[in-house]
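Participant: Residues per chain are reported as follows:
There are 2 protein chains.
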Amino acid sequence: MTKPIAIAIHGGAGTILKSMLTPELEAEYTLALNEAVSAGYKILKQGGTSLDAVQASVVSLENCYLFNAGKGAVFNSIGKHEMDASIMEGQFLKAGAVSSVQNIKNPVVLARAVMDQSEHVFLTANGAMEFAKARTIETAPDDYFFVQHRYDQWQSVKDTDHYNLDHVAEPTDKKFGTVGAVALDSLGNLAAATSTGGMTNKKYGRVGDSPIIGAGTYANNSTCAISCTGHGELFIRRVVAYDISCLMEYKGLSLKQACDVVVYDKLVKIEGEGGLIALDTAGNIELPFNSEGMYRASVNTQGKVFVGIYK
Amino acid sequence: MTKPIAIAIHGGAGTILKSMLTPELEAEYTLALNEAVSAGYKILKQGGTSLDAVQASVVSLENCYLFNAGKGAVFNSIGKHEMDASIMEGQFLKAGAVSSVQNIKNPVVLARAVMDQSEHVFLTANGAMEFAKARTIETAPDDYFFVQHRYDQWQSVKDTDHYNLDHVAEPTDKKFGTVGAVALDSLGNLAAATSTGGMTNKKYGRVGDSPIIGAGTYANNSTCAISCTGHGELFIRRVVAYDISCLMEYKGLSLKQACDVVVYDKLVKIEGEGGLIALDTAGNIELPFNSEGMYRASVNTQGKVFVGIYK
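Sequences listed follow chains A and L, in order. For the first sequence, the numbering used here assigns the number 194 to the initial residue and increments by one for each residue that follows. For the second sequence, the numbering used here assigns the number 194 to the initial residue and increments by one for each residue that follows.
Any copy will do: because identical chains look the same in the list, a pair fits if it lies in one copy or spans two.
In silico lysine-lysine, DSBU-like type, Cα no more than 35 Å apart, as pairs:
{"#": "1", "residue 1": "Lys462", "residue 2": "Lys238"}
{"#": "2", "residue 1": "Lys504", "residue 2": "Lys287"}
{"#": "3", "residue 1": "Lys196", "residue 2": "Lys504"}
{"#": "4", "residue 1": "Lys196", "residue 2": "Lys238"}
{"#": "5", "residue 1": "Lys504", "residue 2": "Lys449"}
{"#": "6", "residue 1": "Lys462", "residue 2": "Lys196"}
{"#": "7", "residue 1": "Lys497", "residue 2": "Lys298"}
{"#": "8", "residue 1": "Lys351", "residue 2": "Lys287"}
I should point out that these hints are in silico values taken from the structure, not numbers from a laboratory. Predicted model only: the values in this text are computed from it and were never measured.
Next comes chain A alone, as it looks inside the complex:
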C-alpha cells in the first residue's frame, strides 16, 4: 500500500465576494488555482518530494498576474515590487526565506536556494539579491511585474499615507495578497511555502509574516504543514503557523481543532483577519479563513480536486 499524498494551495484571503467578481474573472481565478494545485500534485503523483511540489505550485501562482506574488506583486510607495517568500520541510526542519527582494522572477525559488545552497535561513534586501545573482537565480525587469490593475490600485493611494494589504483600490476593502502551498509526499514528508508582494504603497521595507518561519510558514512531520495569508503584523505577533503545530504536539489537538482555535478564536479576538492552509501526515486538509473569502484549492488523498473562492 502506498502512502497517502495530498496538497493544498491558497492565493490570498480577504473581502472576496461573489458580487465583486465578474463570471469571466471568477473563471480565470478558478483555472489558475486548478493549474497551480495540479502542478504540485503531478510531482507528488510521480513520487516527487513535497518540497518540489510546494515550490511548483507557488511558482505557478507567482507566474500568474492575478495573485499578489511574483508577476502580480503589488507596487510599493516608490512604484517598485518588493517581495518576500519562505519554504520549509518537515523531516529535518530545514528552511529558507527572503525578504524585500526586487526583480526576482520567483522569490520562492530563491528561498529554496537559501535553504539548499547556503548555511543560512533568512537573507534580506540587497544582500539576498546578491546571493540570487551568485546562484544565477532567474531575474526579471521591472516591466515583467507591470500589471495594469495593480498600477491603477497604486495610483489610487500613492501620495497618500494609505497602504493596502492587497489588491483592491478601496482602502476600506481588505484583501491579503499572498500565495502558498502545503504538501505531503509518498515518503510521508510535509513541506510548506509562502510568497507575497506585500502591501500596495508600502513604505519603509515593511515585512509581513510570509517570510517568517513560525509565523507565515511552518512544516514539521510530527505535526503539520502550514501556509498563512492575512494581516501579517497580527500573524507575526501570534506566531500563527507554529502555534497550530504546538497545539497539536503539546495539547494533543487534531489539525482541525488546532486550526479552529487559532483562526476562529485567537485571531478573531484581535481582529486578525485572514486564513491559512494546513495539512497533516495522515493527509487531512484544513482550509480555514475568518474573512469573506479565500482563493484556495486542494487535492486530497483520494485524488479529489477542490477549488473554492467564497465562504
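Given chain A, put chain L in place with the hints provided.
Facilitator: Frame of chain A; chain L shown alone:
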C-alpha cells in the same frame, strides 16, 4: 504588598572560557553587565514599565564596545555594520523589529519606534533606515562603530568564505554575539528585547533569530519573556522563544522545565549551540545555556544581583 519586579540580561553565549579572558577583561565585562542590568532595574524600581527597562538595559549593552550589538557590532564582508533588533511586550503582544540596518546608534530604540509609531512589526534594510530618519532616531557615522579588535577579527577572515558567529578571530571558536534583556514590572507586565551585529564577515544580508518574533524574542504575560543568543539559523528553525512559551501554556511545564527541554535537549540534539534568558510573571529567572559560557546578569525579586560569565 507590591508586586515582584525582576530583570535579566545577556551579552552573548559561546566558547567563553576563563583561560581566554585576562583578569582585566573579565573585570570589564563584569562591570558592563552590572551597569546594564542596573540601568533596567532602576527603571523597574521607580515603577517604570518592563518595556522601558529592557530597552534601557539593551541600550547600555549596545553602547558598550565589548558586545556584538550597537557600537561593538562586528564587521560584515564589506566592512560595514549591519544590525538586527526586536522588542515585544507581554500584555497586548505588541512587537517591533528591524533587520539589516546600518548607522543606527541603538537598533533597539528603532525597533521600539516601529512598535510604538507604526502600524507594522518588522521593517528591513534601507526602508527601516528611512523610517528611522523620518522618526529622528539617533544615527552614528561608521567611525562610531569602529572597534579595533572587531576590525582585527574581520581582517583575519575577510577575503575568505569564513564567517564567524561572533567576535573571536579563530573560526573554530564559536561565540554568538547578541545582547538581550527580559523584565517584569510592578504591574505584572513582561517584556523582552534582543539586539545583534550578526556574524563577522557575513554576506548576503543574512538575518539571524534576533529580530524574529517567536524565534529570538518573545513575551507573553500568560507565560514568559525570552531573549535568545546562539546559532541563529537553528533558533529560527526551532522557533525557540515561542516554543518555551507553548511548552508552558499547552503542556503545563514550569519555566525551568520548559527551558531545560529546549536548551539542553531539543537544541543539543541539532547542535544548536547557545542559550537564552527567561522570566515568568512570578519573577522566576532562568539563564540556561549549552555552550561553554554566557555573559549574563540578573536582579531577582529579592533585589539580589547576579553576574556570571562561565559555566
